[in-house]
Amino acid sequence: DGGITQSPKYLFRKEGQNVTLSCEQNLNHDAMYWYRQDPGQGLRLIYYSQIVNDFQKGDIAEGYSVSREKKESFPLTVTSAQKNPTAFYLCASSISRDRPGELFFGEGSRLTVL
Amino acid sequence: AQRVTQPEKLLSVFKGAPVELKCNYSYSGSPELFWYVQYSRQRLQLLLRHISRESIKGFTADLNKGETSFHLKKPFAQEEDSAMYYCALTASGGSYIPTFGRGTSLIVHP
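In the order they appear, the protein sequences are chains F and V.
Using my numbering, read the first sequence as starting at 1 and increasing by one per residue.
Using my numbering, read the second sequence as starting at 115 and increasing by one per residue.
Note that these hints are calculated values from the structure, not bench results.
Keep in mind that a hint or two might mislead.
[Stated by the list, open to error] Quick look at which bits of chain F chain V covers, simulated, 3 or more residues with Cβ under 8 Å: (1) 9-16; (2) 31-41.
[Claimed, not checked] Label-pair ranges, simulated between beta-carbon atoms: (3) V:143 - F:39: 27 to 33 Å; (4) V:181 - F:88: 31 to 37 Å; (5) F:77 - V:168: 23 to 29 Å; (6) F:81 - V:166: 37 to 43 Å; (7) V:130 - F:17: 26 to 32 Å; (8) F:28 - V:121: 36 to 42 Å.
[Unchecked claim] Anything over 12 Å on all C-beta distances counts as not near chain V; from chain F, calculated: (9) 6; (10) 19; (11) 22; (12) 24; (13) 28; (14) 44; (15) 50; (16) 56; (17) 68; (18) 70; (19) 72; (20) 94.
C-beta atoms are modelled at their ideal positions from N, C-alpha and C, and glycine is treated no differently.
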């Protein structure tokens, strides 16, 4: 099946620990994104990548890091510097910047800090 | 800067009633507008985009540049329409990263 796969679906972390969320796509899309979804706040952009080996900060990048070593993979690391990491994280992709706005989303990963 | 405003956090209607989910945007250039929907336990997905001018699942949305609005409408709501709806904007010719509104939760009662 073509699509975006996020793992794990649920993750618990102790304060002070880093955690990495996986995002893989087999759609051959150039662009990939990470959003954070909080109740009442909609989707806020954390990082995005338009091409392999390149990525840009979004609106709320502090406390997060990413890499884009392969076209199909865009992992997000939530570091201990993120003050309020408990949230639902969504990964998305789009064909290219020639098709703006048409994003394909994963099922999300829910991170809970204990 | 581009901004999307969805003034209603929650919209509650009865089955068969008309539905209008409001979306207003702020952008000085020529925008592209979208509606995304997230049904319970499903992934977020594109519902419709203004340039397509199509009706999906009975929903339509017209871009009103004068009022900077892109309201989502359906004449007769169904229970299966209950979901979270997000309006999104991209700036044509500029940043193509979508900016999302805060979302409106639509509940359709039987």
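So, going through the hints one by one against the coordinates:
For the stretch 9-16 of chain F, the proposed coverage by chain V is not satisfied: 0 residues have a C-beta within less than 8 Å of a C-beta in that chain, short of the threshold of three. A count of 4 residues in the stretch 31-41 of chain F with a Cβ less than 8 Å from any Cβ of chain V is obtained; the coverage claim is therefore met, three being the minimum. Between residue 143 of chain V and residue 39 of chain F the Cβ separation comes to about 31 Å, which falls inside the hinted range of 27 to 33 Å. Checking the proposed 31 to 37 Å range against residue 181 of chain V and residue 88 of chain F shows it holds: the Cβ atoms sit about 32 Å from each other.
At roughly 39 Å, the beta carbons of residue 77 of chain F and residue 168 of chain V sit outside the given window of 23 to 29 Å. Checked against the given bound of 37 to 43 Å, the beta carbons of residue 81 of chain F and residue 166 of chain V, roughly 42 Å apart, stay inside it. A hinted range of 26 to 32 Å for the beta carbons of residue 130 of chain V and residue 17 of chain F is inconsistent with their spacing of about 51 Å. For residue 28 of chain F and residue 121 of chain V, the Cβ-Cβ distance of about 38 Å falls inside the hinted range of 36 to 42 Å, so the restraint holds.
For residue 6 of chain F, the non-interface assignment is contradicted: its Cβ lies about 9 Å from the closest Cβ of chain V, within the 12 Å cut-off. The claim that residue 19 of chain F lies off the interface holds: its Cβ sits roughly 21 Å from the closest Cβ of chain V, which is beyond the 12 Å cut-off. Listed as a non-interface residue, residue 22 of chain F keeps its Cβ farther than 12 Å from every Cβ of chain V; the least gap is roughly 16 Å. Once the 12 Å rule is applied to beta carbons, residue 24 of chain F is consistent with being away from chain V; the minimum gap is 14 Å.
Annotated as non-interface, residue 28 of chain F keeps its C-beta farther than 12 Å from every C-beta of chain V; the closest such distance is 18 Å. Not every CB of chain V is more than 12 Å from the CB of residue 44 of chain F (nearest about 8 Å), against its label as outside the interface. Listed as outside the interface, residue 50 of chain F is inconsistent with that label: its C-beta sits roughly 9 Å from the nearest C-beta of chain V, within the 12 Å cut-off. Distance to chain V contradicts residue 56 of chain F as a non-interface residue, since its nearest Cβ pair spans about 9 Å, not more than 12 Å.
At roughly 15 Å, the least C-beta separation between residue 68 of chain F and chain V is larger than 12 Å, which holds for a residue marked as non-interface. The claim that residue 70 of chain F is not at the interface with chain V holds, since no C-beta of that chain comes within 12 Å of its own (minimum 21 Å). Taking the minimum C-beta to C-beta distance to chain V, about 18 Å, the non-interface status of residue 72 of chain F holds against the 12 Å cut. In this structure residue 94 of chain F is not separated from chain V by more than 12 Å, as the shortest Cβ-Cβ distance comes to only about 8 Å.
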